[in-house]
Amino acid sequence: MFSKILIANRGEIALRILRACRTLGIEAVVAYSEADRDSLAVQLADEAICIGPSDARRSYLSVPAIISAAVVTGCDAIHPGYGFLSEDETFAEVVRAHDLTFIGPPPEVLDRFASKEGTRRLLGGYGLPTIPGSVGMVRDDEHALVEAERIGYPVLIKPSAGGGGKGMRMVRTPRELESSLRVCRSEAKSAFGDDSLYLEKWLDDTRHVEVQVAVDRYGHGVQFGERDCSVQRRHQKILEEGPTTALSPAARAELCERAIHAVVAAGYENVGTLEFLVDAEGKAYFIEINCRIQVEHAVTEMLTGVDLVAMQIRIAAGEPLGMTQADVQSRGHAIEFRINAEDPAHDFRPGAGIVERYHAPGGPGIRMDSHLFPGYEVPPFYDSLLGKLVAWGPDRATAIERGRAALDELVVDGIITNVEIHKALLSSETFLEGRMTTNLLDRVGSAAFLAAAART
Amino acid sequence: MFSKILIANRGEIALRILRACRTLGIEAVVAYSEADRDSLAVQLADEAICIGPSDARRSYLSVPAIISAAVVTGCDAIHPGYGFLSEDETFAEVVRAHDLTFIGPPPEVLDRFASKEGTRRLLGGYGLPTIPGSVGMVRDDEHALVEAERIGYPVLIKPSAGGGGKGMRMVRTPRELESSLRVCRSEAKSAFGDDSLYLEKWLDDTRHVEVQVAVDRYGHGVQFGERDCSVQRRHQKILEEGPTTALSPAARAELCERAIHAVVAAGYENVGTLEFLVDAEGKAYFIEINCRIQVEHAVTEMLTGVDLVAMQIRIAAGEPLGMTQADVQSRGHAIEFRINAEDPAHDFRPGAGIVERYHAPGGPGIRMDSHLFPGYEVPPFYDSLLGKLVAWGPDRATAIERGRAALDELVVDGIITNVEIHKALLSSETFLEGRMTTNLLDRVGSAAFLAAAART
Amino acid sequence: MPQDRDTGPDAARAAAHAGIERLMDTLLPSLIAKLATLNVGELEVREGDWHVRLRHPMTAGQDLGRRAADRSGQRAHAGHDAVGAPAPTRAPAIVVTVGAATAASNGTVPSLAPVGPGRASDGPPARDAGPGMAPAQGQVATSPAVGIFQPGSAAVSGARVKAGQRLGAVDMLGIPQDVVAPADGIVTSILVEGGMAVEYGQELVGIEATAGSEAH
Amino acid sequence: MPQDRDTGPDAARAAAHAGIERLMDTLLPSLIAKLATLNVGELEVREGDWHVRLRHPMTAGQDLGRRAADRSGQRAHAGHDAVGAPAPTRAPAIVVTVGAATAASNGTVPSLAPVGPGRASDGPPARDAGPGMAPAQGQVATSPAVGIFQPGSAAVSGARVKAGQRLGAVDMLGIPQDVVAPADGIVTSILVEGGMAVEYGQELVGIEATAGSEAH
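Chains as they are written, first to last, in the working numbering: chain A, 50 to 505; chain B, 50 to 505; chain C, 5 to 220; chain D, 5 to 220.
The following block holds chain A by itself, in its conformation from the complex (with noise of 0.2 Å):
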C-alpha cells in the first residue's frame, strides 16, 4: 500500500479523498493553487503545498508542477481526482516514469478507453449495444453529411474527446449540421485540445442510466449497481440517484450484468463508470465509459455502503478486491443534490464570494459533502460546485421526503446557489412520478421550470 500520496484536486473532492487516506492511514499532502490557500482540505490536511498561481493550466493542469510537488513532499502515488488531469493518460505515463503511481486505470487502460468512439466499437464488441453513429470521426464537412444521410436526422454532434456537453450539438438539417460543426470543433478544441468530432443517431426524451463498477488487477470485477442522471441541465448532470426509475428490476440487474461482463473481458482496470441514454422503450445504449471517480459516486456509497475512493485507492496499488459480487448489497434509495453557486434565476450564472454563514444538513439518512465553512471566499476560477447532498431512505418516497426537509436546512449565506431548482424538482409531477428524461429542464428552460414550482 502507498505510505503517501498528493491530492492533485480541490474542492469536495479534495476533501473526500483526505478522509479516504485518513480512514486508509496513508498519509495525505493537498497540492493546491493559490486561490485555494486558505481552503478546508489545506486546512485539515496534514501537509499542504502550493503548486501555482489560481490559474488552473499553471496549478492543476500543470503536469510537470504537480509531479514536482509529489517529488519534493515524498509522495509516492497522485490522486487526481476528477476533472483536471483526472483521464489524461499522457500526465499518467509521465506519473509512472517518476516512479509514482497515478490512482486510477494504468496508463495504457486510460489510453485504450481514450476515444469514446473506439470504446463505443470495443465495448460494442463485448455485447453493448450502441447508438447509430458515424464509422470513426468525421473527417470533414462531405464526410459529415453523408454519415448523418445514412445514420437520419436528427444527428447529434460530439467530440471525442472531454465530456459534460461541451462542443456537443443536436442538428435536424444538413444546414444546421455545417453551421454547428465548425462551432463545435472550436468548442472541443479549446476544451480539450482535440477538435475530432463524431455523429450519433438522437434519440428524444432518453434517460441517463449509468453503471459503478470496480475491476481489479487481476482481473476481477464487480458492479454496484447503477445511477440515474437523466435530471440535466444542458447536459450538465444536476441531481442523480438510485435504482434508477426507468428500468424494471430485471432489466436493472441484466444491464449491469452486460456492463461488468463486458469492461472485464475488454481489461478494464479499477474504478469506473459505464454510461448509457435508456430510451422510451427502456432500451438502453451504451454511450461512453468515465474513467475516473466521478462526483456522484456518494449515491452508490450510501447505497452499498462501500468507501469508492479507498477501493480506487486500493486497486491502483495492486490490492485484490477483497469481496465477489454476492457481498454487494444494495439497500433503500439515494438522491444526490449537487448545490452548485448559480443563480437559477439567472439562466445559472455562476457566482463567487464569501460564505457568510454556513449549516450543514443532518439526521438520520443524510450525507453532506462539502467543502463550505464560515468565511470561505469561494473563488471564481474553478467550477461551481459547493458541495453534494446525498438523502438516503429506505424507499424512493422517504429519500425525497428527507432530501426536501434538508434542502430546507440547508443554510449558504453571502453566495447564491441553485437550490431553488432542487425544490422545484422535489413538487415536479415529473420527477416525483420517476417519469423525468434528460430534456426535463431544457424542453421548458429552467425559468419556466423554476416559475411553475413556485406556483404549485
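Just so you know, the hints here were simulated from the structure itself, not pulled from any lab data. Predicted model, so just to flag it, every value in this text is computed and none were measured. Accuracy of the hints is not assured; some may be wrong.
Calculated cross-link-like contacts (lysine-lysine; reagent style DSS-like; alpha-carbon spacing at most 27 Å) [stated by the list, open to error]:
# : chain 1 : residue 1 : chain 2 : residue 2
1 : B       : Lys238    : B       : Lys250
2 : A       : Lys472    : B       : Lys53
3 : B       : Lys472    : A       : Lys53
4 : A       : Lys238    : A       : Lys215
5 : A       : Lys215    : A       : Lys250
6 : A       : Lys332    : A       : Lys250
With chain A fixed as given, assemble chains B, C and D onto it according to the hints.
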C-alpha cells in the same frame, strides 16, 4: 397525524426531533429556556417560544410552562426528548388532560413500567431472566441487611426512580451497606424526588447490552437489534456500538426475540429499550426498560435505516408500525462516540464557554448529530453532551477506522471535550478485541487509562 | 444567570465604560472618517495581548435563524406574532458588551454569538448591559411566564405606578402570574394587547422611570 | 490576483496606517491598562456603521488547520520543513489587515478568513499590506515554481542587485525556473538554503529596496 408538535427539550435532541417533524411534514415549535435563546434548534425552527429562565426547574422541567406553551402556540402534541420530563407519567397525564398527546408511551403504560423493581417482576413473569435482588423496596436498614445477606455480598444499592448511576453504590460488607444507604437515599431524593431503594446482586465484569424495540397501539411489535453500551464511566455511557461483541449471533437473536416477546405481552407501547447485564458466561439479566428515545438511538438507525424518532411520533399518533420483523435488516457495524464538554484530564470536570471553531467530520458512514456552531455559547446549566459522532462500516474494523479518522477530523475549539478518551479507547487492546466490560475505565481510572493510551 | 457571566461588578463596568467613552470620543470619529473614504471593509490591529477591530456591522453576526427566516417567508415567533410587532431589524445605535474572562478560559464573545429568531430587540435586560434595550432611560415590565396577557387597571399610558405595583397578569393554564412594575414611574406604552399570547421574558409595559427611583 | 483584492492603493494605505498609528499611540495603552485590571476577555463598541472590538488574540482567527495541527503533533509543511523554519506560533507584534469592500458586496474579512497551514508568516506579499510580512519597506523574491531552490551567485547578503536580475532558480523536475529580484536594492537575507524544497510563492530572498526604485 399531528399538525403541530411542541419540542420540549434542548441541544442535539431538539434538533433531531425538529428534523423528524420536517421529514413528516409536521410543524414544530421549539420551547426554550433563556439560556438556549441562541441555540441552533431555536434558530432553525419555524417557530420558537421562551418558556422560562435557564433554571430547568422553571423551564424544561416546568409542567405548566411547557403545557401552556403548547396551548398558546396551538400544538396538538408534545415531544419530551430524553431526560427532563421524558418518562414522567404525571406529566404525560397532565398533557392528556389538556387534550394534547404525549409523544411516548401513554400515561398508564409509563405508570406500569415506572418502578424498575416492578418492571423486573412484570417482565420476569414473561420470561426475561433477572438479577437476584431484594423482594420489593428496602423498607429500612434492618430489611436491607437481611435482604443483602440472602442475596450475598457484594450487592448494588439502586434507586427505584431515575437512572444514569445517580444514587447507586456497590457495597461489600454490612457496614458499607449501612453507611451507603443514607447517601443513596439523599442522592435519589434530590435527583428524582423519590428515595426508595432496592438491592441487587453485584455482578463483576459485566457487559451492558440493550435491545431497541417498538410496539404500536395494536400490540404489533418489532425489535431492531441490540446495542452494546459497556463502555461507561461511573455508570455513564460514553460510547455505544452495535452489534455487540459480547454475544454470538445466535445468542443476540435469542435475546432480542425474548425481549420483544416480553414487552408486547406486558402491553408496552411506543419505542423503548430493554437493558441487560451480560456476565462473563454470556448470560443476560434484564435490569430495566427505558420508555423514551435514547441518546444512542442513532446507532440503531445507522444499522437498520429506520428513523426511530419519526416512528415514535407515528406510533403516538395511533398509526400502525407498518412493518414486520422481516423488514428489519441490520447491516454492518456502527459506533457512537458521545462528545461531551468534559475534561478527561481533570476527572471529567464539565465545562462551558464559547465554541470558537467547529468543524464536523464527514464522508462515507459518518453521521454527526450536534447542536454546535461557530460562536455558540455552551450554557453551564445543563448536561454536557455536545453531540454524537456515529461511524458506520461494513464491519467493526472499518467502523473503528472511520471513527478514528472522524475523531481526528473533528474540530471543537474554545471548549474542552472528552475526545481524548475516545481516541484512547480506539487504541485500547481490550476495546479493539471487543472484550470491554462496564468497569473498563473505572477499574484503572480514566486518567490512568488515558496515560496508558498515550504510551502506546 | 447570564447577567452574572456577561457583566462584571459595577465598579469594573464603570471603569470599562470610562474606557469606552474615551474610545468613542478620541478615536472613532477620525478613524471612521479616514476609513470610510477608503471604502474599507475591516481594519484590525494587534498589540501584545490586545487586538482592536474596526468593521462594518453587516459583516458581523452569525444569525442562521434570521437568514432561514428570510428564506422561508412563513417563519413565525409566538411572542411577536401575538402582538404583531415588527421583526427586529438592525442593532441599536450603541451596544456595549463586556465578556468576563471568568466564563471561559479565554473570555466570552457575546457579540459573535448568534441571535435567536426575532430576539434582537426583546431579549430580557439580563442579556445586555447599558442602554439600547428599552426606551432610553426606560424600564419595561416583562412577562413572568408563557401564557395569555391580562392587563390590569394600572396598565394605561400616563398612569403613575410604584415599583412592585401589579400591572396585570399572565394567565398560565388558568394560574395568573403577576406582571409588576420594575420601578416607580409613568406608564409610557402597552406593548402587548390583552388576551394575546406572550412568552417568558416578553416586554409588556413600558415605563418612564422617575429619576433615581429604580427598584432594589 | 489576490493582491488587487486585498490591498487598496498606496495613498489609501498610507491614510489607514496614519489612523492606526494614532490608534496605537493615543488609545491602546490606557485602554489595555484599564481592561487588563478587569480581567476582561473582550470589549466591543458599535457606532453607526462602525464597530470596534478589543480582545485577547487567543480568541481570534479561524485556523482550523493549525488547531488540527496542535492536536495531531505530526503536522508538516513542505516549505517550512525543508528550510527547518520553526512552525508558525503566534501573530507578530503588529499585524494590520485591510479588507477592500470591492472584493465582496459587503467587504472582505481577511482577518476572519482562515489561514492555511503554516501560512501565517510566509504567505506571498500579495496577501498582506503593510509591515509584518517582510523586512520593513523590504521586497522579497519569491519562488516561481514548486521544486528545489538553487541560489545564484547574487544571492548573498549585502549584494547589490537590479530589478529583474536573476538570483537563482527553482529546479522543477530538472527545468530551472528563474528567481528574479523584484526591485533594485541590497540583498538582506537568504530565507531558504540551497537544495531545499520550496513551494510556489515561497519567500526566498529578502531585499532592501533602494528608495523609489520599485520594479514596474
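Consistency of the hints with the structure:
Between lysine 238(B) and lysine 250(B), the direct Cα distance comes to roughly 23 Å. Compliance with the 27 Å bound is thereby established for this hinted pair. Of the pairs offered as hints, the one joining lysine 472(A) and lysine 53(B) holds, with about 23 Å between alpha carbons and a cut-off of 27 Å not exceeded. With a CA separation close to 23 Å, the supplied pair lysine 472(B) and lysine 53(A) stays within the 27 Å bound. Note on lysine 238(A) and lysine 215(A): the hinted pairing holds, with a Cα-Cα distance of about 10 Å set against a maximum of 27 Å.
Taking the CA atoms of lysine 215(A) and lysine 250(A), the gap is near 18 Å; set against the 27 Å cutoff, the hint holds. Our distance criterion of 27 Å between C-alpha atoms is met by lysine 332(A) and lysine 250(A), whose separation comes to about 14 Å.
Every hint, counting from the list given before, is met by this structure.
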